[in-house]
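Enquirer: Sequence:
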Amino acid sequence: MASSQQELPTPNADLDLPQIQLPRIISAYHKFQLKNFSTFYYCGRSKHDRLYAVELQHLQVGGKAPLGARPGLFLHGGPSTSSPIVAATGDEMRERYNKYVHGGPNSDIILVGSPNPAYESNLMRGRITKNGMVAFSFKVRASNLLGEVDEVFSWIRVPKGSQPGLENGGYRLVRHPQKEREKLVPGMDHYCWMWWPTHDMLNEDETIAILASGKRWQMHTEVQLFTIEIISEEFTKNAGDLHARSILTTAARLFQMRGRTSHSGLAKAERRRMKAACR
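For the sequence shown, this note's numbering assigns the number 297 to the last residue and increments by one with no breaks.
Some hints here could point you the wrong way.
DSSO-like, lysine-lysine: derived pairs with alpha carbons at most 30 angstroms apart [said to hold, decoys possible]: (1) LYS255 x LYS286; (2) LYS148 x LYS49; (3) LYS65 x LYS82; (4) LYS49 x LYS233; (5) LYS178 x LYS65; (6) LYS178 x LYS49; (7) LYS157 x LYS255; (8) LYS286 x LYS65; (9) LYS255 x LYS197; (10) LYS65 x LYS49; (11) LYS117 x LYS157; (12) LYS178 x LYS157; (13) LYS233 x LYS197; (14) LYS197 x LYS157; (15) LYS82 x LYS157; (16) LYS286 x LYS178; (17) LYS178 x LYS233; (18) LYS117 x LYS286; (19) LYS49 x LYS82; (20) LYS148 x LYS286; (21) LYS286 x LYS233; (22) LYS148 x LYS82; (23) LYS197 x LYS65.
Computed spacing ranges between beta-carbons, pair by pair [claimed, not checked]: (24) ASN221 x HIS76: 20 to 28 angstroms; (25) PRO215 x GLY96: 35 to 43 angstroms; (26) ASP223 x PRO177: 17 to 25 angstroms; (27) LYS255 x ASP223: 14 to 22 angstroms; (28) LEU220 x LYS49: 41 to 49 angstroms; (29) LYS178 x GLU240: 17 to 25 angstroms; (30) ARG159 x GLU224: 14 to 22 angstroms.
For the record, the hints were derived by calculation from the structure and aren't laboratory data. Just so you know, these numbers come straight off a predicted model, no measurement behind them. Just so you know, even glycine gets a beta-carbon here, dropped at the ideal spot from N, CA and C.
Given the sequences, and given the hints that come with them, work out the whole structure.
Expert: As structure tokens, then:
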């Protein structure tokens, strides 16, 4: 189902945005509520060490830039919702039709004020890997000695108890290497070739971080939703503001989308996509 979307002004147009830091361990907490909550917080050393606020936007509520009325969330560059918005993510926008796809597997990732224009947008795409695992893949524009390059990452679902530190399930974040020039040809997976032709999406060897889901039942006033742990020292040294914003935003989006990140849901969306492509 798609809904109409009006273009809204960019938030924080006249503000200098803070640089987002990515601690080695960062956890998401919210105050216990029986009904849907609208805010949670990324915290550092403890649940009282609030670093960044995440504001959820539910269906057709709000209309805050740059999402408009799309369901999604906003990452704030400080510990409250009054801090500037540095990133946002929401249901995929189909620019051709000026509509968003409600309940689909893909999400727009919007990095506000980055790098030069009002904001930069790319897509986190849900897919099933060759090994049959649920994955959500996205790009980050990074700088190195050769200039700007696109790095491609995937959050890959990990079943409960199948990996140390992920007893309650979660994801591992992998960075896919660039292909060698002679291998830049379409492979068996046309979907991956179409969106990430320069990267080896079958290579999942470099694990950057893990996202550990919180316990399902917690009798506390402050509920731990999930924890991100960066396990690559090399990545920690080189990660910049765009990496931090992208990782924190996509991780929060996975939590918000938890009702539609199942294998069956993604497989159903894949069948719809293939059917539409054959028309």
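Enquirer: Indicate, hint by hint, whether the structure satisfies it.
Expert: Hints versus structure:
| no. | hint | in the structure |
| --- | --- | --- |
| 1 | LYS255 x LYS286 | violated (39 angstroms) |
| 2 | LYS148 x LYS49 | violated (39 angstroms) |
| 3 | LYS65 x LYS82 | holds (27 angstroms) |
| 4 | LYS49 x LYS233 | holds (15 angstroms) |
| 5 | LYS178 x LYS65 | holds (24 angstroms) |
| 6 | LYS178 x LYS49 | holds (25 angstroms) |
| 7 | LYS157 x LYS255 | holds (19 angstroms) |
| 8 | LYS286 x LYS65 | violated (38 angstroms) |
| 9 | LYS255 x LYS197 | holds (24 angstroms) |
| 10 | LYS65 x LYS49 | holds (10 angstroms) |
| 11 | LYS117 x LYS157 | holds (23 angstroms) |
| 12 | LYS178 x LYS157 | holds (27 angstroms) |
| 13 | LYS233 x LYS197 | violated (39 angstroms) |
| 14 | LYS197 x LYS157 | holds (15 angstroms) |
| 15 | LYS82 x LYS157 | holds (24 angstroms) |
| 16 | LYS286 x LYS178 | holds (23 angstroms) |
| 17 | LYS178 x LYS233 | holds (11 angstroms) |
| 18 | LYS117 x LYS286 | holds (21 angstroms) |
| 19 | LYS49 x LYS82 | holds (23 angstroms) |
| 20 | LYS148 x LYS286 | holds (16 angstroms) |
| 21 | LYS286 x LYS233 | holds (28 angstroms) |
| 22 | LYS148 x LYS82 | violated (38 angstroms) |
| 23 | LYS197 x LYS65 | violated (41 angstroms) |
| 24 | ASN221 x HIS76: 20 to 28 angstroms | violated (38 angstroms) |
| 25 | PRO215 x GLY96: 35 to 43 angstroms | holds (38 angstroms) |
| 26 | ASP223 x PRO177: 17 to 25 angstroms | holds (19 angstroms) |
| 27 | LYS255 x ASP223: 14 to 22 angstroms | holds (19 angstroms) |
| 28 | LEU220 x LYS49: 41 to 49 angstroms | holds (42 angstroms) |
| 29 | LYS178 x GLU240: 17 to 25 angstroms | holds (23 angstroms) |
| 30 | ARG159 x GLU224: 14 to 22 angstroms | holds (18 angstroms) |
Consistency note: the structure conflicts with the earlier hints numbered 1, 2, 8, 13, 22, 23 and 24.
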